[in-house]
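The chain contents come next:
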Amino acid sequence: MQLSGRHREYWRRNLHITAVLVALWFSVTFIPIYYARELNDIVVFGWPLAFYMGAQGSLIVYVVIIWYYARVMNRLDHEYGVQEDA
Amino acid sequence: MSNAQAAFNRQLKRMYSWYAGGFALFVVFLAFAEQMGMSTRWIGYVFMFATIALYAGIGVMSRTADVSEYYVAGRRVPALFNGMATGADWMSAASFIGLAGTLYFGGYQGLAFVMGWTGGYCLVALFLAPYLRKFGEFTIPDFLGARYGGNAARMIGVLAAILASFTYVVAQIYGVGLITSRFVGLEFEVGVFVGLAGILVCSFLGGMRAVTWTQVAQYIILIVAYMLPVVILSTKVTGIPVPQAVYGTVLQKLSLKEKELFSSPKELEVNALYKARMDSFDEKIAGLPDSLEAERARLTERLDVLKADNAPAKDISVAEMALRETPKDEAGARKKWTDARKAAESKAAPPLAHTLAHAGRDQADSDNKRLNFIALVICLMVGTASLPHILMRYYTTPSVREARESVFWSLFFIFLLYVTAPAYAVFAKYEVYTNLVGSTISTLPGWVASWGKVGLVKIEDINGDGLLQLAELTLNTDVIVLATPEIAGLPYVISGLVAAGGLAAALSTADGLLLTIANAMSHDVYYKVIDPAASTQRRLVISKTLLLVVALIAAYTASLKPDNILFMVGLAFSIAASAFFPALVCGVFWQRANKPGAISGMIAGLAMCLYYAVRTHPFFGGDISNAWFGIEPISCGFFGIPVGFVVLVLVSLVTPAPDRETRELVEHVRYPNLGPAERSSVRDEGVY
Numbered sequence: 001m002q003l004s005g006r007h008r009e010y011w012r013r014n015l016h017i018t019a020v021l022v023a024l025w026f027s028v029t030f031i032p033i034y035y036a037r038e039l040n041d042i043v044v045f046g047w048p049l050a051f052y053m054g055a056q057g058s059l060i061v062y063v064v065i066i067w068y069y070a071r072v073m074n075r076l077d078h079e080y081g082v083q084e085d086a
Numbered sequence: 001m002s003n004a005q006a007a008f009n010r011q012l013k014r015m016y017s018w019y020a021g022g023f024a025l026f027v028v029f030l031a032f033a034e035q036m037g038m039s040t041r042w043i044g045y046v047f048m049f050a051t052i053a054l055y056a057g058i059g060v061m062s063r064t065a066d067v068s069e070y071y072v073a074g075r076r077v078p079a080l081f082n083g084m085a086t087g088a089d090w091m092s093a094a095s096f097i098g099l100a101g102t103l104y105f106g107g108y109q110g111l112a113f114v115m116g117w118t119g120g121y122c123l124v125a126l127f128l129a130p131y132l133r134k135f136g137e138f139t140i141p142d143f144l145g146a147r148y149g150g151n152a153a154r155m156i157g158v159l160a161a162i163l164a165s166f167t168y169v170v171a172q173i174y175g176v177g178l179i180t181s182r183f184v185g186l187e188f189e190v191g192v193f194v195g196l197a198g199i200l201v202c203s204f205l206g207g208m209r210a211v212t213w214t215q216v217a218q219y220i221i222l223i224v225a226y227m228l229p230v231v232i233l234s235t236k237v238t239g240i241p242v243p244q245a246v247y248g249t250v251l252q253k254l255s256l257k258e259k260e261l262f263s264s265p266k267e268l269e270v271n272a273l274y275k276a277r278m279d280s281f282d283e284k285i286a287g288l289p290d291s292l293e294a295e296r297a298r299l300t301e302r303l304d305v306l307k308a309d310n311a312p313a314k315d316i317s318v319a320e321m322a323l324r325e326t327p328k329d330e331a332g333a334r335k336k337w338t339d340a341r342k343a344a345e346s347k348a349a350p351p352l353a354h355t356l357a358h359a360g361r362d363q364a365d366s367d368n369k370r371l372n373f374i375a376l377v378i379c380l381m382v383g384t385a386s387l388p389h390i391l392m393r394y395y396t397t398p399s400v401r402e403a404r405e406s407v408f409w410s411l412f413f414i415f416l417l418y419v420t421a422p423a424y425a426v427f428a429k430y431e432v433y434t435n436l437v438g439s440t441i442s443t444l445p446g447w448v449a450s451w452g453k454v455g456l457v458k459i460e461d462i463n464g465d466g467l468l469q470l471a472e473l474t475l476n477t478d479v480i481v482l483a484t485p486e487i488a489g490l491p492y493v494i495s496g497l498v499a500a501g502g503l504a505a506a507l508s509t510a511d512g513l514l515l516t517i518a519n520a521m522s523h524d525v526y527y528k529v530i531d532p533a534a535s536t537q538r539r540l541v542i543s544k545t546l547l548l549v550v551a552l553i554a555a556y557t558a559s560l561k562p563d564n565i566l567f568m569v570g571l572a573f574s575i576a577a578s579a580f581f582p583a584l585v586c587g588v589f590w591q592r593a594n595k596p597g598a599i600s601g602m603i604a605g606l607a608m609c610l611y612y613a614v615r616t617h618p619f620f621g622g623d624i625s626n627a628w629f630g631i632e633p634i635s636c637g638f639f640g641i642p643v644g645f646v647v648l649v650l651v652s653l654v655t656p657a658p659d660r661e662t663r664e665l666v667e668h669v670r671y672p673n674l675g676p677a678e679r680s681s682v683r684d685e686g687v688y
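Quick note, the sequences are listed as chains A and B, same order. For the first sequence, this note's numbering begins at 1 and goes up steadily by one. For the second sequence, this note's numbering begins at 1 and goes up steadily by one.
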C-alpha cells in the first residue's frame with residue numbers, strides 16, 4: 001500500500017525517539033566502564049561510583065529506558081492513528 | 001483489550017496468587033516438619049519431587065494439539081506474565097547459582113555479566129520486539145525467510161539457532177545434574193536424566209503454551225528462593241531487609257577489612273608459602289621428563305622408609321596413595337603440575353580489592369582489561385538481543401502494544417535478580433572475611449564441613465598455625481549461593497528452597513531452548529522446506545519427536561561432563577550476536593537490505609566469530625597469543641558483529657534492491673496497524 005505523509009512522519013518520530021534512547025543506553029553503559037578507574041574515586045553511600053553504576057545504576061536506567069519507550073510509542077500510535085484494534 | 005482477554009487476565013492473576021500462597025504454605029509446612037525432626041535428606045527429596053510434580057501438572061493441564069497454541073501459546077500471554085516467563089527463560093542455572101560466586105571472586109570484573117545480561121534488553125525493546133510481534137509468525141528463521149526471500153536465509157538462521165541453543169541447553173542440563181546430585185544425593189548421571197524428565201513433562205505435551213505457564217510458576221519460585229536468604233542475612237548484618245539498598249555501607253566495611261587483611265603478616269606468610277610451592281612446580285615442569293622419575297623414586301623411597309620403621313597403617317596408606325596418583329607419563333605430569341601450579345599461583349598474592357576496576361600489572365595491561373570488559377559487555381548485550389529463545393517469547397503477546405510493555409516487565413523481573421547478585425557477593429564476602437578468616441580451624445562452622453564433603457570448600461593449613469588464613473580457604477563459585485542460608489544460620493528448609501530455585505532456573509531455560517531447537521527443525525526445516533503440505537497433526541508429531549530426540553542428545557552430552565561449559569555458553573552469545581543481529585535489525589530499519597546481502601552478512605559474521613574462537617581458544621587447539629588487540633576468545637562476537645554488518649551493507653549495495661513485496665513487508669512490520677488496506681492483519685493464526 002501507499003504510505004501517507006502522516007505515516008512517514010510517525011516513522012521519523014519513532015526513529016528519533018529510538019536514536020535518543022540508544023544514545024542514552026550507550027552513555028550509561030560505556031562511559032562508566034571507560035572511566036571506571038577515575039570514577040571509582042567518587043564514593044556515594046559507600047559505593048565507588050563506577051562499581052555502583054555497573055551493579056545497579058545503569059540497570060535502573062535500562063529499566064526506565066524500556067518503560068519510557070513503551071509509554072511514548074503506545075501514545076504515538078494513537079496520535080497517528082496506527083494503533084491496534086482502533 | 002477485548003473482554004475475553006481481560007477475563008483471561010483476571011483469571012491468570014487469581015490463579016497465580018493462589019499458587020504463590022500455596023507455595024508459601026508448603027514452605028512453612030516443611031519448616032514446621034523440620035522442627036518436628038524431618039531429616040534434611042527428606043526435605044531435599046520433597047522439594048525436588050514436589051516442584052517437578054507441580055510443573056508436570058501445569059504441563060499436562062496445558063497440553064494442546066493446536067498449532068498456534070503449541071508454537072506461540074495462542075498469542076494471548078499478557079505483558080506481565082510474558083515478562084515473568086521471559087525472566088525464567090532468561091535466568092539460567094549460571095545466573096542463579098554461578099553469578100554471585102563470579103562476583104565474589106571477580107569483584108568489579110564480574111559486573112560485565114550483570115550489565116551485559118540486562119542492558120541487552122534495551123536493544124530487544126528498541127530494535128526487535130515490537131516489530132517481530134507485528135510480523136507475527138512462529139520462529140526467528142520465519143522472519144529471515146520472509147524478509148530475505150526464500151530458504152537460504154531461513155536455513156542459515158536455523159543453523160545458527162541450533163548452534164547457539166544447543167551448547168546453552170547442555171549447560172542447563174548439566175546444572176540440573178549438579179543440583180540434584182548435591183541436594184538429593186542422586187548420582188550425577190541419574191540426576192541428569194531425572195532433570196530431563198522434569199524438562200520434558202513441561203514442553204512435550206503443550207509446547208510453548210505449557211512452557212509459558214510453567215515458566216511463570218518457575219519464576220515465582222526462583223525469585224523468592226534467591227531473595228530470601230540474602231534478605232535475612234542483610235537484616236542480620238545491617239538491620240534493614242533491603243540488601244540491594246544498603247550493601248554500600250557493608251561494601252565500605254569490606255574494603256577496610258580487605259586493606260587490613262591483605263597486609264597482615266600472617267596472610268603474607270601464607271602467600272609466600274604458596275609462592276614457594278608455585279616455584280617448586282615450575283622447577284618440576286621445567287625438569288620433565290627426569291623430574292617425574294625423581295618424583296616417583298622419592299615417593300617409593302619414602303614408602304620404604306615408612307614400612308621399615310613400622311609406621312602407622314594410616315601413614316603408609318597415604319604414602320601408597322601418593323605413589324599411585326603419580327602421573328603415568330610426561331603429558332599427564334605436565335597437565336597435573338600445571339593445574340597445581342595455577343592453584344598455588346592464585347594464592348601466592350593477596351586477591352584484588354573488590355571494587356578495583358580494570359586492575360592490571362601496568363597501564364597497558366589495565367587498558368587491555370578495560371577493552372576486554374567492553375568487548376564482553378557488547379557481546380553479551382547484542383547476544384541477548386539475538387538469542388532465538390528470548391526473541392520468540394515476544395511472538396506470544398496479544399498485540400504490539402503489549403509486546404513493548406512485555407519487554408519492560410521482562411527486564412524488571414530480571415533486574416530483581418541481577419541487582420541482588422552483587423549484594424549477595426558482598427554480604428557473603430563480608431561474612432567470610434570477618435567471621436571465618438582468623439578463627440581456629442578445628443572450630444569452623446558446620447557448613448564448611450558439609451560443603452567440604454562434596455568438594456566445594458577446601459581448607460589447607462599450609463603454615464600449620466591452626467588458624468584459618470584467607471589464602472588457605474578455597475571456595476567454589478557455586479558455593480556462595482548454595483551455602484548462604486547456612487552462612488546466615490538459617491534452617492535447612494531454606495537451603496532446600498534455594499535448591500528448588502536453582503532447579504527452576506535451569507529447567508525453565510532448558511525448556512525454552514529445547515523448544516527453540518525442536519521448532520527450528522520441525523517448523524522451519526520440515527514444514528517450510530521439506531513438506532509444506534504436511535497436515536497439522538503430522539507437524540506436531542514431528543515437532544514432539546524431535547523435541548524428544550534433541551533432549552536425549554543434550555542429556556547424553558551433559559552426562560559426559562564436558563569441561564569449558566562456561567566458555568561454551570559465552571560462545572553461544574557471540575554466535576547468536578554475529579549471525580542474527582545485523583540481519584534482524586537491518587531487516588526492519590533498512591529497506592534496502594536484500595537477500596544476497598543478508599545471506600553473505602550472516603555467513604561472514606558467523607564465520608568470523610567461529611574463526612576467531614578457533615584461533616584463540618585452547619579448546620579448539622588455538623592459542624591466546626594469536627589474539628587481535630588481546631581480545632579473549634569468549635568475546636569473539638566483538639569481531640563477528642561488525643563484519644556481519646559491513647558485509648551485509650556492502651553486498652546489499654552492489655546487488656539489486658529488494659522487490660516491492662519485500663518493501664511492503666518492511667512497512668507492514670513498522671506500523672502496529674496500517675488500516676484495512678493492509679495485507680496481512682489476516683495472516684494471523686486463523687489461517688491454520
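To be clear, the hints were calculated from the coordinates, so they are not data collected in a lab. Note that the structure is a prediction, hence the values are computed from the model and not measured. Beta carbons: idealized from backbone N, C-alpha and C, even for Gly. Hints may be right or wrong, so weigh each one.
[Said to hold, decoys possible] Think about it this way: if two alpha-carbon atoms lie no more than 25 Å apart in a straight line, the pair counts; the simulated SDA-like pairs of lysine to any residue are:
| # | chain 1 | residue 1 | chain 2 | residue 2 |
| --- | --- | --- | --- | --- |
| 1 | B | K595 | A | W11 |
| 2 | B | K284 | B | R296 |
| 3 | B | K259 | A | V63 |
| 4 | B | K253 | A | E38 |
| 5 | B | K236 | B | K369 |
| 6 | B | K259 | A | R37 |
| 7 | B | K369 | A | L39 |
| 8 | B | K453 | B | S439 |
| 9 | B | K236 | B | L436 |
| 10 | B | K275 | B | P351 |
| 11 | B | K561 | A | R37 |
| 12 | B | K13 | A | D41 |
| 13 | B | K259 | A | W11 |
| 14 | B | K335 | A | G57 |
| 15 | B | K307 | A | V63 |
| 16 | B | K369 | A | L49 |
| 17 | B | K275 | B | E325 |
| 18 | B | K369 | A | D41 |
| 19 | B | K253 | B | Y433 |
| 20 | B | K369 | A | W11 |
| 21 | B | K259 | B | T238 |
| 22 | B | K259 | A | F26 |
| 23 | B | K259 | A | L49 |
| 24 | B | K458 | B | N626 |
| 25 | B | K259 | A | Y80 |
| 26 | B | K336 | B | A286 |
| 27 | B | K253 | A | R37 |
| 28 | B | K253 | A | G57 |
| 29 | B | K259 | B | W451 |
[Unchecked claim] A short list of chain A residues far from chain B (calculated; beta carbon distances all over 10 Å):
| # | residue |
| --- | --- |
| 30 | G5 |
| 31 | R13 |
| 32 | H16 |
| 33 | E79 |
[Unchecked claim] Covered by chain A, according to a simulated footprint, are these stretches of chain B (three or more residues, beta-carbon under 8 Å):
| # | segment |
| --- | --- |
| 34 | 117-127 |
| 35 | 242-256 |
| 36 | 372-378 |
These are the hints, each one checked on the structure:
| no. | hint | verdict |
| --- | --- | --- |
| 1 | B/K595 - A/W11 | holds (24 Å) |
| 2 | B/K284 - B/R296 | holds (12 Å) |
| 3 | B/K259 - A/V63 | violated (35 Å) |
| 4 | B/K253 - A/E38 | holds (21 Å) |
| 5 | B/K236 - B/K369 | violated (36 Å) |
| 6 | B/K259 - A/R37 | holds (18 Å) |
| 7 | B/K369 - A/L39 | holds (16 Å) |
| 8 | B/K453 - B/S439 | holds (20 Å) |
| 9 | B/K236 - B/L436 | holds (16 Å) |
| 10 | B/K275 - B/P351 | holds (14 Å) |
| 11 | B/K561 - A/R37 | violated (39 Å) |
| 12 | B/K13 - A/D41 | violated (47 Å) |
| 13 | B/K259 - A/W11 | violated (56 Å) |
| 14 | B/K335 - A/G57 | violated (43 Å) |
| 15 | B/K307 - A/V63 | violated (69 Å) |
| 16 | B/K369 - A/L49 | holds (19 Å) |
| 17 | B/K275 - B/E325 | holds (24 Å) |
| 18 | B/K369 - A/D41 | holds (19 Å) |
| 19 | B/K253 - B/Y433 | holds (11 Å) |
| 20 | B/K369 - A/W11 | violated (40 Å) |
| 21 | B/K259 - B/T238 | holds (21 Å) |
| 22 | B/K259 - A/F26 | violated (34 Å) |
| 23 | B/K259 - A/L49 | holds (19 Å) |
| 24 | B/K458 - B/N626 | violated (35 Å) |
| 25 | B/K259 - A/Y80 | violated (60 Å) |
| 26 | B/K336 - B/A286 | holds (14 Å) |
| 27 | B/K253 - A/R37 | holds (20 Å) |
| 28 | B/K253 - A/G57 | holds (21 Å) |
| 29 | B/K259 - B/W451 | violated (28 Å) |
| 30 | G5 | holds (14 Å) |
| 31 | R13 | holds (12 Å) |
| 32 | H16 | holds (12 Å) |
| 33 | E79 | holds (12 Å) |
| 34 | 117-127 | holds (count 8) |
| 35 | 242-256 | holds (count 7) |
| 36 | 372-378 | holds (count 3) |
The structure is inconsistent with the numbered hints 3, 5, 11, 12, 13, 14, 15, 20, 22, 24, 25 and 29, although it conforms to all the rest.
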